[in-house]
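**Student:** The lines below spell out each chain.
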Amino acid sequence: MRLRKVLRISRWEVSRTAGGLDRRTLGFAILVFVLVAAVAPFAFDGGLYDELYVVGVEDDDGYHEAVERADTLRAVEPSWSAFSSGDIDVLVRDDIHVADDQKGEAAVAELRDAARRYNAGELAEKDPDAAFPVSVEINYVDRDAEPAEPGDTFEPVAEEEDSEDEDADDDDDGVDAPDAEEDVDDGFSLPSGGLGGIIGQGGRSGTPDDIAPPFPFESLILAFAFLVPLNFVVQAYSTSVMNERIGRRGVLMLASPVSRQEIIAGKTVPYFAAALALVAAVAAVVGGGWRSVVAMVPVLLIFLSLTFVGAMFARSYKELTFVTVFVSVVVTSYVFIPAIFTDIDPVAAISPLSIVVRDLQQAASAAPASWYVFSGAPLVFSSAVLFSLGSGVYREEEMFNQRRVPHKAVAAVASWLRRRASVAKVSVFLVPFVFAIQLLVVATLFALPVEVSLPLFFVAAAVVEEVAKSVSVYAGFAHSVFERNDRNAVVLGAISGAGFFVGEKFAHLAQLVGLDTLEIGRAALGVGFDVSPLVLVALFFAPLVLHAVAASLAALGACRGKRGYLVGLVAAVVVHVAYNLTVVGLVA
Amino acid sequence: MIEVRDLRKEYAGHVAVEGSTFEVDSGEVFGVVGPNGAGKTTTLKTVAGLVEPTSGEVRVAGDDPADADTRRSLGYLPEESPLYEDMTATSYLRFFADLYDVPREVADERIGKTLDRLELDRRETRTGDMSKGMKRKVAVARSLVNDPEILVYDEPASGLDPLTTNYVVEFVRDLADEGKTVVFSAHNLYHVERVCDRLIIMNEGEVVARGTLDEIRDEHGGVEYHVETTVPVERSEPHDGNHRVVVENMDEVESVREQTHDEGGEVLDIRTREPSLEDIFLDVAEGT
Numbered sequence: 001m002r003l004r005k006v007l008r009i010s011r012w013e014v015s016r017t018a019g020g021l022d023r024r025t026l027g028f029a030i031l032v033f034v035l036v037a038a039v040a041p042f043a044f045d046g047g048l049y050d051e052l053y054v055v056g057v058e059d060d061d062g063y064h065e066a067v068e069r070a071d072t073l074r075a076v077e078p079s080w081s082a083f084s085s086g087d088i089d090v091l092v093r094d095d096i097h098v099a100d101d102q103k104g105e106a107a108v109a110e111l112r113d114a115a116r117r118y119n120a121g122e123l124a125e126k127d128p129d130a131a132f133p134v135s136v137e138i139n140y141v142d143r144d145a146e147p148a149e150p151g152d153t154f155e156p157v158a159e160e161e162d163s164e165d166e167d168a169d170d171d172d173d174g175v176d177a178p179d180a181e182e183d184v185d186d187g188f189s190l191p192s193g194g195l196g197g198i199i200g201q202g203g204r205s206g207t208p209d210d211i212a213p214p215f216p217f218e219s220l221i222l223a224f225a226f227l228v229p230l231n232f233v234v235q236a237y238s239t240s241v242m243n244e245r246i247g248r249r250g251v252l253m254l255a256s257p258v259s260r261q262e263i264i265a266g267k268t269v270p271y272f273a274a275a276l277a278l279v280a281a282v283a284a285v286v287g288g289g290w291r292s293v294v295a296m297v298p299v300l301l302i303f304l305s306l307t308f309v310g311a312m313f314a315r316s317y318k319e320l321t322f323v324t325v326f327v328s329v330v331v332t333s334y335v336f337i338p339a340i341f342t343d344i345d346p347v348a349a350i351s352p353l354s355i356v357v358r359d360l361q362q363a364a365s366a367a368p369a370s371w372y373v374f375s376g377a378p379l380v381f382s383s384a385v386l387f388s389l390g391s392g393v394y395r396e397e398e399m400f401n402q403r404r405v406p407h408k409a410v411a412a413v414a415s416w417l418r419r420r421a422s423v424a425k426v427s428v429f430l431v432p433f434v435f436a437i438q439l440l441v442v443a444t445l446f447a448l449p450v451e452v453s454l455p456l457f458f459v460a461a462a463v464v465e466e467v468a469k470s471v472s473v474y475a476g477f478a479h480s481v482f483e484r485n486d487r488n489a490v491v492l493g494a495i496s497g498a499g500f501f502v503g504e505k506f507a508h509l510a511q512l513v514g515l516d517t518l519e520i521g522r523a524a525l526g527v528g529f530d531v532s533p534l535v536l537v538a539l540f541f542a543p544l545v546l547h548a549v550a551a552s553l554a555a556l557g558a559c560r561g562k563r564g565y566l567v568g569l570v571a572a573v574v575v576h577v578a579y580n581l582t583v584v585g586l587v588a
Numbered sequence: 001m002i003e004v005r006d007l008r009k010e011y012a013g014h015v016a017v018e019g020s021t022f023e024v025d026s027g028e029v030f031g032v033v034g035p036n037g038a039g040k041t042t043t044l045k046t047v048a049g050l051v052e053p054t055s056g057e058v059r060v061a062g063d064d065p066a067d068a069d070t071r072r073s074l075g076y077l078p079e080e081s082p083l084y085e086d087m088t089a090t091s092y093l094r095f096f097a098d099l100y101d102v103p104r105e106v107a108d109e110r111i112g113k114t115l116d117r118l119e120l121d122r123r124e125t126r127t128g129d130m131s132k133g134m135k136r137k138v139a140v141a142r143s144l145v146n147d148p149e150i151l152v153y154d155e156p157a158s159g160l161d162p163l164t165t166n167y168v169v170e171f172v173r174d175l176a177d178e179g180k181t182v183v184f185s186a187h188n189l190y191h192v193e194r195v196c197d198r199l200i201i202m203n204e205g206e207v208v209a210r211g212t213l214d215e216i217r218d219e220h221g222g223v224e225y226h227v228e229t230t231v232p233v234e235r236s237e238p239h240d241g242n243h244r245v246v247v248e249n250m251d252e253v254e255s256v257r258e259q260t261h262d263e264g265g266e267v268l269d270i271r272t273r274e275p276s277l278e279d280i281f282l283d284v285a286e287g288t
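Residue numbers (this note's numbering), protein chains in the order written: chain A, 1 to 588; chain B, 1 to 288.
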């Protein structure tokens, strides 16, 4: 690929896109963006709830100081007319009057909390020990972490400490606080530290009343702001790709002295740059740093690559709209749902957005490099697979026809095939993609009870893996790359299965991050079983036999056409699920 | 300049071109003729490097046109005029000049001259706002922006009014006179007869006739003799109050003359007529 050509196409893509907008629209869009960028820092400064509720209270009233100290409340001159018109949520005059709506109820709850905090604060200033006879310090540790000392238990993860008695630690039966900190300070120490190590580093302390689960609500909302502008970018990108296909416009670039990879890269670079600029702008506005921007790069790539494939497969703008909405929903779910559990559950490590959330929380310790790799690598590799898949149909023969999506997908895979060995390459190539889909399934199912989630996962994983192994064989037969006969089918299935086995082993590196602390995570990664070395060796190579046999079954069907392929695929999935259940039964 | 050997192209089980072989010499205008679905467009696309042959070989100046650099010496004009309609004619042509690594100054000069020759004035108008004829002229100009040695034109006059069609056909002839090698397909056989040095006739994916027009005439239909008589003879038909019979050689002409004499009539006129390409084409297509 020649960078000079790529940049040249990119420059013209920018020029064309800008030329497609009239100057007024462009000016208006820039103005809106500048205004939002200028206003947003003030809007987000100090939190989303600052002065959310309005309280009408006299300066000399006892509540006034409490309201002034509360971030969420704003004190104004009490006025019946303002209260009646809805400008005041709570009016303090003789009695407390509350607006008859949900906001009024929330405001009075906040006022009560503010008053309680004010009273407690006042009391603490005069006599702290009397005000807070009990203080709590919390340190989070791994669920399966060993107790610090023999005989210790994990029950009291919170350490009670009598502020008057400095020797209280020695008498305490709970986890010794300094030891616990030593454990978690290992951070990403492998293999036992894992994500628990990361999330365990933060400590919270205060009165028992201050204890709250570490739910990163505010940071999550701000992290979501990173995803919103990407939808505009993918809309523009998908339209640009689709425009090449409508009316066969793209044929002339294909006839010019540039390769299709250069065309695709040239068309994609401006949108990637625009998305990156937007992410950087959002980071600057909401208080994120370079870590947020770096963490978002794989998300940008998966957004763009899925959009590219969708735009290459869609037959009309109507289908394209469906595709872009689908891409937006899938990618947003994939990165957002696990990020909800940042600091709570290891499943958060799946999503790069969790790194953004931590960055926005200004966490004491940044996410280590391995977390970027674990969350980002599957997306980056999947993006490479998707761009390559789309590139397979970025040809005159496939680009402009109106064939259905499955046909185009198969044609794209067929474009990767040359000789028999190429089916193994395709299988290896698809492993990161399979891994990403399995992580998506983990993210979807992990909240369910294990009795439900495990069987569902086994079936889903078997379907995804068997399709990944057999689709290249089916494409090879469908596009006459391979001669249809049973011997060929068995050989191709075995080669594809072996290739998948090799690729799959690389995915096991994932256990280093700590997703294996989840039951379903172990199922996804196939690690964490406590068995003898001999059984481990057998377990290591058993998947090779499974993949080869199951892929051969699907291949035998594939050489008999579409219906035969479906039958063969079902048989392969059944064998795969049976294997999974048997292995789990043996080692459980 | 162009070599096509045993070309076979299959689309999802359908054979579009089967065993096509021909060569195009430098500086000649080479026609590809045939009915719809004959494989003309597929053949031209393989020459332009857009379609990969299922089997066989295509060479352009000795190289594979699938290689991007080989396409530098080609100018391809598809049957439609697929322009980027949000660009002006000038910016559109500059874009393609850029893709072909033509320096900006050279490109601007070349674009100006080509558009002058094509008599296209509205150069800063977006191509989406142009008439079909104007779009075609922009498309033709685009095929020349890299000053290619070889032009591959698929139905260059497709869908144009007679005046513009004539203009484009003349333009193709002029390009050939300047030394360009032109391969083009056409439905209108009259155009092929006007500008082509050699041609192939394709039907159902196969080349069924090849050579110069005269060679094809000799092979697929010679001169006809139209003999007009005052009395009916064998195989004659009424014609303008007299009778006419069409025969294929001088022996048959002599036979008609003898019959006429025997019937007491006389031969009024004997004319020779060469078959048109259309006659040959229909004859070949029906005979396949």
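Honestly, I wouldn't trust all of these hints.
From the derived model, a few chain B residues whose C-beta atoms are all more than 10 Å from chain A [stated by the list, open to error]:
| no. | residue |
| --- | --- |
| 1 | R5 |
| 2 | K45 |
| 3 | E52 |
| 4 | G62 |
| 5 | E80 |
| 6 | D86 |
| 7 | S91 |
| 8 | M250 |
| 9 | D251 |
| 10 | Q259 |
| 11 | I280 |
Rough simulated footprint, nothing fancy, chain B against chain A, three-plus residues with beta-carbon under 8 Å [what the hints assert, rightly or not]:
| no. | segment |
| --- | --- |
| 12 | 380-394 |
| 13 | 446-457 |
Quick caveat, the hints were computed from the structure, so don't treat them as lab data.
Because the structure is a prediction, the values reported are computed rather than measured.
Every residue, glycine too, gets a C-beta built ideally from N, C-alpha and C.
**Student:** Each hint should be assessed against the structure and marked as holding or not.
**Tutor:** Here's how the hints hold up against the structure:
no.	hint	in the structure
1	R5	holds, 21 Å
2	K45	violated, 6 Å
3	E52	violated, 8 Å
4	G62	holds, 16 Å
5	E80	violated, 6 Å
6	D86	violated, 4 Å
7	S91	violated, 7 Å
8	M250	holds, 52 Å
9	D251	holds, 54 Å
10	Q259	holds, 60 Å
11	I280	holds, 32 Å
12	380-394	violated (count 0)
13	446-457	violated (count 0)
Checked against the numbered hints listed earlier, the structure breaks hints 2, 3, 5, 6, 7, 12, 13; every other hint is satisfied.
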